[in-house]
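Participant: So the chains spell out like this:
Number of protein chains: 2
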Amino acid sequence: MKEIAIGIDIGGTNTKFGLVDKDGETLFQKSIPTRAEGDVNEFFKDLQESIQGALKNFPDVDIKGVGIGAPNANYYKQTIEHAPNIRWGTIVPFGEIFKKYFKYPMVMTNDANAAAIGEMVYGAAKGMKDFIVITLGTGLGSGIVVNGQLVYGHDGFAGELGHVIVNPNGRYCGCGRKGCLETYVSATGIKRTVFKLLADYTYKSELRAIAFDDLTAEFITQAAMRKDPIAIAAFEYTGRILGIKLADTMVHTSPEAIFLFGGLVKAGDYIFKPTLEHMEKNMFPVFKNKLKLIPSGLMDKNAAVLGAAALVWKEFETP
Amino acid sequence: MKEIAIGIDIGGTNTKFGLVDKDGETLFQKSIPTRAEGDVNEFFKDLQESIQGALKNFPDVDIKGVGIGAPNANYYKQTIEHAPNIRWGTIVPFGEIFKKYFKYPMVMTNDANAAAIGEMVYGAAKGMKDFIVITLGTGLGSGIVVNGQLVYGHDGFAGELGHVIVNPNGRYCGCGRKGCLETYVSATGIKRTVFKLLADYTYKSELRAIAFDDLTAEFITQAAMRKDPIAIAAFEYTGRILGIKLADTMVHTSPEAIFLFGGLVKAGDYIFKPTLEHMEKNMFPVFKNKLKLIPSGLMDKNAAVLGAAALVWKEFETP
Chain A
1 MKEIAIGIDI GGTNTKFGLV DKDGETLFQK SIPTRAEGDV NEFFKDLQES IQGALKNFPD
61 VDIKGVGIGA PNANYYKQTI EHAPNIRWGT IVPFGEIFKK YFKYPMVMTN DANAAAIGEM
121 VYGAAKGMKD FIVITLGTGL GSGIVVNGQL VYGHDGFAGE LGHVIVNPNG RYCGCGRKGC
181 LETYVSATGI KRTVFKLLAD YTYKSELRAI AFDDLTAEFI TQAAMRKDPI AIAAFEYTGR
241 ILGIKLADTM VHTSPEAIFL FGGLVKAGDY IFKPTLEHME KNMFPVFKNK LKLIPSGLMD
301 KNAAVLGAAA LVWKEFETP
Chain B
1 MKEIAIGIDI GGTNTKFGLV DKDGETLFQK SIPTRAEGDV NEFFKDLQES IQGALKNFPD
61 VDIKGVGIGA PNANYYKQTI EHAPNIRWGT IVPFGEIFKK YFKYPMVMTN DANAAAIGEM
121 VYGAAKGMKD FIVITLGTGL GSGIVVNGQL VYGHDGFAGE LGHVIVNPNG RYCGCGRKGC
181 LETYVSATGI KRTVFKLLAD YTYKSELRAI AFDDLTAEFI TQAAMRKDPI AIAAFEYTGR
241 ILGIKLADTM VHTSPEAIFL FGGLVKAGDY IFKPTLEHME KNMFPVFKNK LKLIPSGLMD
301 KNAAVLGAAA LVWKEFETP
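First to last, the sequence lines map onto chains A and B. Under UniProt numbering, the first sequence has 27 at position 27, and the numbering climbs by one with no breaks. Under UniProt numbering, the second sequence has 148 at position 148, and the numbering climbs by one with no breaks.
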């Protein structure tokens, strides 16, 4: 009997699940619509059917549990709370509903926390006890690990570094406040920065030909590689702000490494160099030249499903 | 046989030690000079003699270990590193020297971390698993507890919230950078704020009669109680900056409570009200109205020695 974990990554549009073994081998993976606007029971019926269907082809596996990564998921209460893109309710009692459809032990947390556990179990943080994973997507997510344990905090919502305040009079944030880190440092953030720089400077730039709605972080990355001055300046601006804030994060939990994950990371030196420079420049002396800033080890893998599956090994396996 | 811990608090001028039982009862306490400018072996000879002398009067105790709180102490390496007021060396191998003089198991960390453990074992954090203690003295120290464990970080120096950056172009800090939190929020910080406000405003104030070298945080507190407008404004300024930064700290580890310790805390509402107001105003919505901001439960006790002793129960006792 091969031991496997079922990893489920719930997104606003699609939900991916996979059967993953202890070495990170994915035996099977499938995507189903989340139906985030509909009835949560419809989603669960779909999920149940799809998982049962998949398992028919793997009669010889021993399922150790189900790990779920979902936006605004609460680890302690097994709820999804106030998730902007999941409209099953304001506070969805996900764990309770799960029990009606599945008999497996289940553990859930938000996507960035799952990414951190994934990094520890399957990625570049193997053997590390103190590290942080920062996911740069539409927003900025983070998972903090201390003493080999994920930091959930008193209420289960710890590790929201996207909402550290860069400037109380800064950019409007989806959370209702102003100047949050993710309004600067994320795929959306760098796009906003490009438009600020196009306003501030007179450099020629291919980015002047593109409307806000059409611009992507991927295109900004490509423009930087073509030496577009606005694109390069946008990465410098992003890296400077991230670097300054990582120095602040360092004085909190003093991790061995910070891993960056997400599309922006593909810009390589364009993002890493200014981040590292400004992080070290602003670092409290005792922490200088200690922190490793590195790309996630799961960048080209099905990281979300692996992270969700990794939760199972971390939670239900005795070391 | 009564089980006791020996708690030792090493300061730049004096070192206090105490024999403390599990309930926080101090059987004996004494202060000796630290001789921080001299030979560390002279200090240890003094300490050994004083402790042996004390123990003669308590033949019936079982010593479980020694806990030490010291500035810039490293938990993992048992060293004192780059402590501005302890001149026994740049990196003092305290643990090694300790073994020459004492046979007891020993645990050491910095003063603010010891204060946090003290709060957990003897103070107002009993039963809490996630909390932070902030000590407001000459500087700002902090000890962060996550999952019932003190956060030491990868290098043993985690929890330096005094060096979060408020403003990269702000006040000069002893650490060599600018704008660190402790340059605003500490006994020294509020004094600097008073002088800034005396420059900015034309209000009459009794503080105009006092030179920088003569002004104390205690006097500013008394002036605030006498309704001095500059003193009150200085507390508001201090609380606003502390509040904003505590909201940032909250998104890191989401503690149940933050305890404030030190002379400034005696100002009561003058410091707590603006801190709480600006903390909540800047709080990420999911954390709003969750965090308890309260005075340390060890304020009128020999907190430093209790904190050091508490390290022993936390470290060498199996739960």
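I should point out that these hints are in silico values taken from the structure, not numbers from a laboratory. Don't take each hint at face value.
Identical copies go unnamed one by one, so any copy, or any two together, can satisfy a pair.
Said to hold, decoys possible - Keeping only pairs whose Cα atoms sit at most 30 Å apart, straight-line, the calculated DSBU-like set for lysine-lysine is:
| id | residue 1 | residue 2 |
| --- | --- | --- |
| 1 | K281 | K196 |
| 2 | K77 | K281 |
| 3 | K273 | K99 |
| 4 | K64 | K178 |
| 5 | K196 | K227 |
| 6 | K129 | K45 |
| 7 | K16 | K227 |
| 8 | K281 | K45 |
| 9 | K281 | K99 |
| 10 | K45 | K16 |
| 11 | K56 | K292 |
| 12 | K103 | K204 |
| 13 | K204 | K30 |
| 14 | K288 | K30 |
| 15 | K281 | K191 |
| 16 | K77 | K292 |
| 17 | K129 | K77 |
| 18 | K227 | K2 |
| 19 | K129 | K64 |
| 20 | K281 | K103 |
| 21 | K103 | K191 |
Participant: All hints are to be evaluated individually against the structure, with a verdict given for each.
Facilitator: Hints and how they fare:
1. For a Cα distance limit of 30 Å, the shortest separation of K281 from K196 qualifies both inside one copy, at 25 Å, and across copies, at 27 Å.
2. Taking identical chains as interchangeable, the C-alpha atoms of K77 and K281 lie at most 30 Å apart only when they sit on different chains, with a minimum of 26 Å there against 41 Å within one chain.
3. When the C-alpha separation of K273 and K99 is checked against a cutoff of 30 Å, the pair qualifies neither within a copy, at 47 Å, nor between copies, at 45 Å.
4. Taking CA atoms no more than 30 Å apart as the test, K64 paired with K178 passes in neither setting, with 43 Å inside one copy and 52 Å between copies.
5. For the homomeric pair K196 and K227, the shortest alpha-carbon distance inside one copy (18 Å) is at most 30 Å, but the shortest distance between copies (46 Å) is not.
6. Proximity of K129 and K45 under a CA criterion of 30 Å is satisfied in neither setting, with 39 Å inside one chain copy and 38 Å between copies.
7. Within a single copy, K16 and K227 get their C-alpha atoms no closer than 37 Å, and across copies no closer than 62 Å, so neither meets the 30 Å cut-off.
8. In the homo-oligomer, the alpha carbons of K281 and K45 never lie at most 30 Å apart, since the shortest distance is 53 Å inside one protomer and 42 Å across protomers.
9. In this homomeric assembly, K281 and K99 never come within 30 Å of each other (Cα to Cα): the closest approach is 51 Å inside a single copy and 39 Å across copies.
10. Within a single copy, K45 and K16 get their C-alpha atoms as close as 15 Å, which meets the 30 Å cut-off; across copies the closest is 66 Å, which misses it.
11. In this homomeric assembly, K56 and K292 never come within 30 Å of each other (Cα to Cα): the closest approach is 44 Å inside a single copy and 51 Å across copies.
12. Taking the shortest alpha-carbon separations for K103 and K204, neither the intra-copy value of 60 Å nor the inter-copy value of 72 Å comes in at or below 30 Å.
13. Proximity of K204 to K30 under the C-alpha cut-off of 30 Å is found in neither arrangement, the shortest distances being 45 Å within a copy and 73 Å between copies.
14. In the homo-oligomer, the alpha carbons of K288 and K30 never lie at most 30 Å apart, since the shortest distance is 44 Å inside one protomer and 38 Å across protomers.
15. Within a single copy, K281 and K191 get their C-alpha atoms as close as 25 Å, and across copies as close as 28 Å, so both meet the 30 Å cut-off.
16. In this assembly of identical chains, the alpha carbons of K77 and K292 lie at most 30 Å apart only when taken from different copies (21 Å versus 34 Å within one copy).
17. For the homomeric pair K129 and K77, the shortest alpha-carbon distances inside one copy (25 Å) and between copies (17 Å) are both at most 30 Å.
18. With identical chains, the CA atoms of K227 and K2 are never at most 30 Å apart, being 50 Å at best within one copy and 73 Å at best between copies.
19. Taking CA atoms no more than 30 Å apart as the test, K129 paired with K64 passes in both settings, with 24 Å inside one copy and 28 Å between copies.
20. When the C-alpha separation of K281 and K103 is checked against a cutoff of 30 Å, the pair qualifies neither within a copy, at 52 Å, nor between copies, at 43 Å.
21. In this assembly of identical chains, the alpha carbons of K103 and K191 never lie at most 30 Å apart, being 44 Å within a copy and 62 Å across copies at closest.
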